[in-house]
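Top to bottom, those sequences are chains A and B.
Number 221 in the working numbering belongs to position 221 of the first sequence; there are no gaps in the numbering.
Add 1000 to a position in the second sequence, counting from 1, and you land on the number used in the working numbering.
Please note that the accuracy of each hint is not assured.
What the hints assert, rightly or not - Listed next, with one range per pair, are the computed distances between beta-carbon atoms:
| hint | chain 1 | residue 1 | chain 2 | residue 2 | range |
| --- | --- | --- | --- | --- | --- |
| 1 | B | L1060 | A | D505 | 47 to 53 angstroms |
| 2 | A | G538 | B | T1034 | 56 to 62 angstroms |
| 3 | A | Q421 | B | G1039 | 55 to 61 angstroms |
| 4 | B | V1055 | A | V164 | 31 to 37 angstroms |
| 5 | A | E578 | B | R1082 | 49 to 55 angstroms |
| 6 | B | A1031 | A | G272 | 38 to 44 angstroms |
| 7 | B | W1078 | A | S12 | 38 to 44 angstroms |
Keep in mind the hints are simulated off the structure, nothing from the lab.
For every residue, glycine included, the Cβ atom is placed at its ideal position computed from N, Cα and C.
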Amino acid sequence: MHIDPYILAFSSITVLVTIWMGFRAARQSKTAHDFFVAGRSVSVGWNASAISGEYLSAASFMGIAGMVMSSGYDALWYPVCYACGYLFLLLFIAGPLRRFGAYTIPDFAEGRYDSPIFRKIAVIFVLFIGFFYTMPQMKGAGTTLAYIFPGLPYWAGVVLVGVVITLNVALGGMKGITLVQAFQYWAKMFAISVPVFVLMSVYGHYGKQVASSAPSGSRVQYSATANWGQTATIATDAGRKPLPETAPADGKWLNPFGPLTTKAAKAAAKQGLIVNEKALALLYTYSLIIALVCGTAGLPHILVRFYTNPDGVAAKRTTMWVMILIGVFYMFPPVFGAIGRNLLPELYTGTGAKGTDKIVLELPRILNERYGPLGSILSGITCAGAFAAFMSTFSGLLVSMTGALAHDVYGKMLRPGSTPQARMKAFKFCAVAVGVVAILLGMQVEQFQINFMVGQAFAIAAASYFPLLFMSTWWRGMTMKGAAAGMLGGGLLALAGISLTSFSDLKWIDLGNFWSFHPVLRILCEQPAIWTVPLAIGLMVVVSKVTSREVPSDIRMKMLVLHAPEKLGLKQEYIAQEAH
Amino acid sequence: MQAPAKPDIHSESFLHEMMRRQLRLSIACAATFTIVLLGLPLANYFLPELMAKQVFGFTLTWLFLGIGFFPLVWAIAWVFIRRSIAMEETEVQAVTTVRGSDRAKPESIAAV
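For reference, chain B alone in the conformation it holds in the complex (with noise of 0.2 angstroms):
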């Protein structure tokens, strides 16, 4: 039985793959930022009578871009920091799970 390939960590497959999955990642958490973030004004646009009901004293819409958009930002970085980490984490083991001299030599970088 073949033990399951190691990753070369100077191929191209595993920059494309690593790139890929961290794009991912940074493209999901901007995306849901980013449709609340120009979603806002089109609310406003839209649904003035809805964004301008009173809550505490507040409009609605006064409420969430004065107070409320920073926890969900903060909620946002929260997650992408838990998941980038334990992404790196991961690569790290499948990579370096057995030691030795696997790793490619600079030789095959010319090969570009």
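With the rest of the complex left out, here is chain A (with noise of 0.2 angstroms):
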């Protein structure tokens, strides 16, 4: 096994950093819980960074690049989408969340309807989606390790990343300390952008490396020029390394409605069915926009963070900065992938965690042919960027998710009586339990790239939390049964269709053929957000209806508190008459 030096050094010490800052900060037990409790107020600068630093994970940092690379132009809804939703956070739910003070969405789903039962069924969903968000994590640490040890295999990365991450968060470490996750966000920025740099200098800029898959007629000639002033032509073909027949045409790959959208069209075309492929990737399009836009209105896990700040303002002033920070991290991993496609086109012939995936991990290297040890230095700032990623993703759901069952389902539920101890013994339990479910989980999906899991969790939470926080937030006639009949009933058809088509990909049920003759039914189990969406609120408007005589009695003032301007005082005033 032929180990980089340099790859395993930045690797290991931001492992250990990482492990060593969150022991520490649990020592300190700061966590945002108790900086907004303590009075403190976070500075609109640190939050932004701690918010995006969460929010960029396996997927942003190296998904991604590896589906752009694979997958081309229709990739790139990926990053534009998942900083857009955050527009429809802050335009929507965000403002009224914060007037409410739910940390949590099964906080908020208590509180708005008075329904411990209710709460539990939020916590469900923490549960589901958060497990599909873990898988993808796995993936990105399965791919990155067996990077970094050649011949390690897929799933010795994931479980040897999974104990250790596992043991951390059972033994206290990993809270999402507000400082930890703001450097996060400046070593995963610095960790992607400055090997893109470096890369474009060499190689050629972004625009030039599209072009590459433009039409002859415009391709543009390569030339490296060294920082010294000689030039070489790399190669002779236009400047680029020839594709291997596994990669998608030049066509296919630069323009819209590519690999990615019409996989179901081209199936049913092979059988002979007669299909508008372009309308059907149409409507792939569509319903991927739909959930990735959705689904990010609804993580768990971002939401904690709005309260931090000490007023309103400051959250929304945190939320703008927040989308610039994120936005221009996204403009830098489609660079690697259009990148990637010209000169490391070997890629394309791997699979799993050989394929595209790792295109983050192995582009900074082929400098190395020219500039010594520069393209290590480079992979293993890119290769610690991506333990970064989806270390504190996996260790921020893994604590939401062990929290969410030990608080609710034992604390609530099995033992409410229990001494702090028991309590936690429980929650060491849960996070062994949560962890080795998610562990087994990631070792499954070593064929499925870490973008596509990922719009997955956002698909099933884009038909269950989002609805929920959206028709809660600016309608006063939701009842309970209402909200749970529309979550319950997006959230598990989106979850059936996802697992459907997941389930026929692994091979575990045979349904290949099936989905060859319907198209549009594949394009609706595979990305259910189009249909599932509109369904979930068309439930919670209907059964809320029938139900009305059981909306809240003092929903007025609910609305109030949700809406009003904190100045009013409208909350204290609502704590007060809950109190009696």
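Two chains, two frames, some hints: make the complex.
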């Protein structure tokens, strides 16, 4: 096994620093909640960096680049929608939720409807969506470790990282400390941008890279310019390496409605069906967009951070900065994908951990040909960034899923009168349980793309949490039963559709033939948002109207708290009333 | 001359008006954004040659989706934040310009 020392060094340092910071902070036990409760305010800059850091998972860091390389233009919807979902959050949900004071969605569910039962339903979804979110992080972990230790099987990487983080969380570390998360953002930003700038200065800028896949008339000649003024052409074929057969053709890669969105249509065409490929691809695209934009608005762990701001105005400004910070970040991964297509097309022939998902790790190494260890150093930096990404996201998810399980299921349902020591034990036990399940699931998903899996998580959130938050905030006619019906209906159906397509792709069930003959069904199952989101909203409206007598009696006060400016003190009034 | 009536913050009309204003602003911003977001795939579908025109090496549609979309989102967010903060200030002022015990008592809520 030839292990590159720079890569190993940078990665190890990142892992150790992250764990060390987590334990130090655990001893001081300053979580986001603690900052708020202590009355101290975290500045907009710190908070924005922290939210951005928490937001950028393995999907953002590795997955987007991998998908742009494998699928081209269509993959660009992912980063745009990841950023834009935040806008929907800002426009419709952030302000009211902050005023209401709910830290998590289960908190909101219970508070808005005065219903502990509904809280439990919301907790179930925290777990579902959480697991779908942990799987791509595990893929990122397995891929990264397989890259650093060539020859290490994918599953071993998953197990190793999974065990380390699970133990860390169980032993009390890795809480969502503002400082740590803020640092993580800048580390990831550095790790994604510096290699891009170096690669672009050597091999040509972003536009040139994309243009290599343009029709030959407009292809740009390549030349590599070293810093010392020497020029040399890299290869003969317009400056890029030849594409293997498994790679998508230029036209398909560069233009809309490419491999990502036309899978089902192509399978149908192979069976002889007459299909309008582009129209089906358009359907897929719209369903994907809805899933990603609405799903962002329902991410469980993001909302907590709004409360570390002293007031609503600061919270809004923080959100603005978050959008800038993550928007700037998201311009970079596609560049990796574009350069990778031209200069490292071998990855097209790999599958799973050896496929395009590792382009961010592997690509900087090509600089070694010309500039000695610079390539390894930059590759080590991107590996460090990848570790930062999936470690922090996985641990954040583990903490919130364990918290929900331990607090709600154990603390409230099974043993309501338990002592703090018992609860601690329950927390540790749950952390291990959740971690083990996440590891086992992560081991199964090597063949799926990181980014794709995150999109699935978003699709479920889009059909469950988003309608819940949106309708609960803006329509006073909602009842608990209506909200539950919509959330369960939309969420479970989305989950069912996604599972069907994933299981059949894993060959656990044999539906390949069926999908070929029913491309529209395939698209609607793989990307269910376009029908499950309206369905969830519709169910919410209908069932709420039917049970309209169960609208909470203090609904006007609740809506006031959600919408009136904080300065009017309605929240304090509300709390005082609740106490009676 | 009667002083202008101060809004009763616990009244139905206050809540209704406030939510209507807020929703209108949010929907206006969301609509701007959504039209562009959902319009781009349509443009890709109906105007493929135009969207494939090369600009700095990119295709027009790649340049927009890969880079240009973000500043648009930032601009919309900026406008929304400024307007919603201003709206809140106005609401607070309208209610608190006269100090005193004009705030309705909790009993009125039971009449909902």
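For each hint, the structure was consulted:
1. For the hinted restraint 47 to 53 angstroms between L1060 (chain B) and D505 (chain A), the CB-CB distance of approximately 34 angstroms leaves it violated.
2. Against the hinted window of 56 to 62 angstroms, the Cβ-Cβ separation of G538 (chain A) and T1034 (chain B) comes to about 19 angstroms, which falls outside the hint.
3. At about 58 angstroms, the beta-carbon gap between Q421 (chain A) and G1039 (chain B) stays in the expected band of 55 to 61 angstroms.
4. A beta carbon spacing of about 46 angstroms between V1055 (chain B) and V164 (chain A) contradicts the range 31 to 37 angstroms that was offered as a hint.
5. Under the hint 49 to 55 angstroms, the C-beta atoms of E578 (chain A) and R1082 (chain B), about 34 angstroms apart, miss the expected range.
6. Take A1031 (chain B) and G272 (chain A): their Cβ atoms lie about 42 angstroms apart, and the range 38 to 44 angstroms holds.
7. A hinted range of 38 to 44 angstroms holds for the C-beta pair W1078 (chain B) and S12 (chain A), which are about 42 angstroms apart.
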